[in-house]
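**Q** What follows is each chain in one-letter form.
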Amino acid sequence: GAVVSQHPSRVICKSGTSVKIECRSLDFQATTMFWYRQFPKKSLMLMATSNEGSKATYEQGVEKDKFLINHASLTLSTLTVTSAHPEDSSFYICSARPVDTSGETQYFGPGTRLLVL
Amino acid sequence: QKEVEQNSGPLSVPEGAIASLNCTYSDRGSQSFFWYRQYSGKSPELIMSIYSNGDKEDGRFTAQLNKASQYVSLLIRDSQPSDSATYLCAVGGMDSSYKLIFGSGTRLLVRP
Chain A
1 GAVVSQHPSR
11 VICKSGTSVK
21 IECRSLDFQA
31 TTMFWYRQFP
41 KKSLMLMATS
51 NEGSKATYEQ
61 GVEKDKFLIN
71 HASLTLSTLT
81 VTSAHPEDSS
91 FYICSARPVD
101 TSGETQYFGP
111 GTRLLVL
Chain B
118 QKEVEQNSGP
128 LSVPEGAIAS
138 LNCTYSDRGS
148 QSFFWYRQYS
158 GKSPELIMSI
168 YSNGDKEDGR
178 FTAQLNKASQ
188 YVSLLIRDSQ
198 PSDSATYLCA
208 VGGMDSSYKL
218 IFGSGTRLLV
228 RP
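Same order as they appear, the protein sequences are chains A and B.
Residue numbering for the first sequence follows this note's numbering, beginning at 1 and increasing consecutively.
Residue numbering for the second sequence follows this note's numbering, beginning at 118 and increasing consecutively.
Same shape as in the complex, but just chain A:
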């Protein structure tokens, strides 16, 4: 149980284009999903908290107009990197918090490697 998928697993795009990453909870519902990015040999950096049916909450320093988050259902959240630049190249990981949990337990997706040329 508690499986989270991400699609695509890897994407290469040209500078200036937009990339959409999907995060799905496969066997549970999640009112809250989180988006992280991770640079090589660094820890996870929380970008934003995605709540179903409401606007995402972005962490300080994360541009909401550049990283668009939509949480349209209890099993799907999407992150769109708009006008991507090479410095956006990173490992993007989502996590999902099951609706029937009382704490902060999160299950992670397998991640998406983004390379912007």
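Since the hints were derived computationally from the structure, they do not count as laboratory data.
There's no promise every hint is true.
Straight-line Cα separation of at most 25 Å, BS3-like style, residue types lysine-lysine; simulated pairs [to be verified]:
1. Lys41(A) to Lys159(B)
2. Lys64(A) to Lys184(B)
3. Lys55(A) to Lys14(A)
4. Lys64(A) to Lys42(A)
5. Lys42(A) to Lys173(B)
6. Lys119(B) to Lys41(A)
7. Lys173(B) to Lys66(A)
8. Lys20(A) to Lys159(B)
9. Lys119(B) to Lys184(B)
If you want the ones that stay clear, here's a sample from chain B, every Cβ over 10 Å from chain A, calculated [stated by the list, open to error]:
10. Val130
11. Ile135
12. Asn139
13. Glu162
14. Glu174
15. Leu205
The C-beta atom is built at its ideal place from N, Cα and C for all residues, glycine as well.
Dock chain B against the given chain A, drawing on the hints supplied.
**A** Only chain B this time, still in chain A's reference frame:
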């Protein structure tokens, strides 16, 4: 600034030994504590959660929490080469956002 501190390592132990991983946190209001394992190139995998002072055991893993000292640890008994990974400590419960604050991780290397 809420912080979670871990020694980056690498911590090197021989196969069969006990590996001890430590973590300290700055926010006294923290209520929940998690250990995740992350293999190179992969996403984190939840190993254990702990909410109360004391020890919590699950198979070869034991999590220890001391809220007075703001300290949480993970013991891995009978370490195996397959345990070689980066172990991330995460702390939550500071507010109603359900966010976790992650440490930078400790790299564990189990020598055959």
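**Q** Hint by hint, say whether it matches the structure.
**A** Evaluated hints:
1. Lys41(A) to Lys159(B): 12 Å, holds
2. Lys64(A) to Lys184(B): Given that 25 Å is the threshold and the Cα spacing comes to 35 Å, the pair is violated.
3. Lys55(A) to Lys14(A): Measuring from Cα to Cα gives roughly 28 Å; hence the hint is violated.
4. Lys64(A) to Lys42(A): Since the Cα atoms of Lys64(A) and Lys42(A) sit roughly 23 Å apart, the hinted pair holds (cutoff 25 Å).
5. Lys42(A) to Lys173(B): 28 Å, violated
6. Lys119(B) to Lys41(A): 21 Å, holds
7. Lys173(B) to Lys66(A): Judged against 25 Å, a Cα distance of about 42 Å means the pair is violated.
8. Lys20(A) to Lys159(B): 20 Å, holds
9. Lys119(B) to Lys184(B): Holds, at roughly 15 Å.
10. Val130: Holds, since 21 Å exceeds 10 Å.
11. Ile135: Holds, because the least Cβ-Cβ distance between Ile135(B) and chain A comes to about 25 Å, which exceeds 10 Å.
12. Asn139: At roughly 16 Å from the nearest Cβ of chain A, Asn139(B) sits farther out than 10 Å, so the non-interface label holds.
13. Glu162: 7 Å, violated
14. Glu174: 18 Å, holds
15. Leu205: The assertion about Leu205(B) is violated, with a minimum of 7 Å to chain A.
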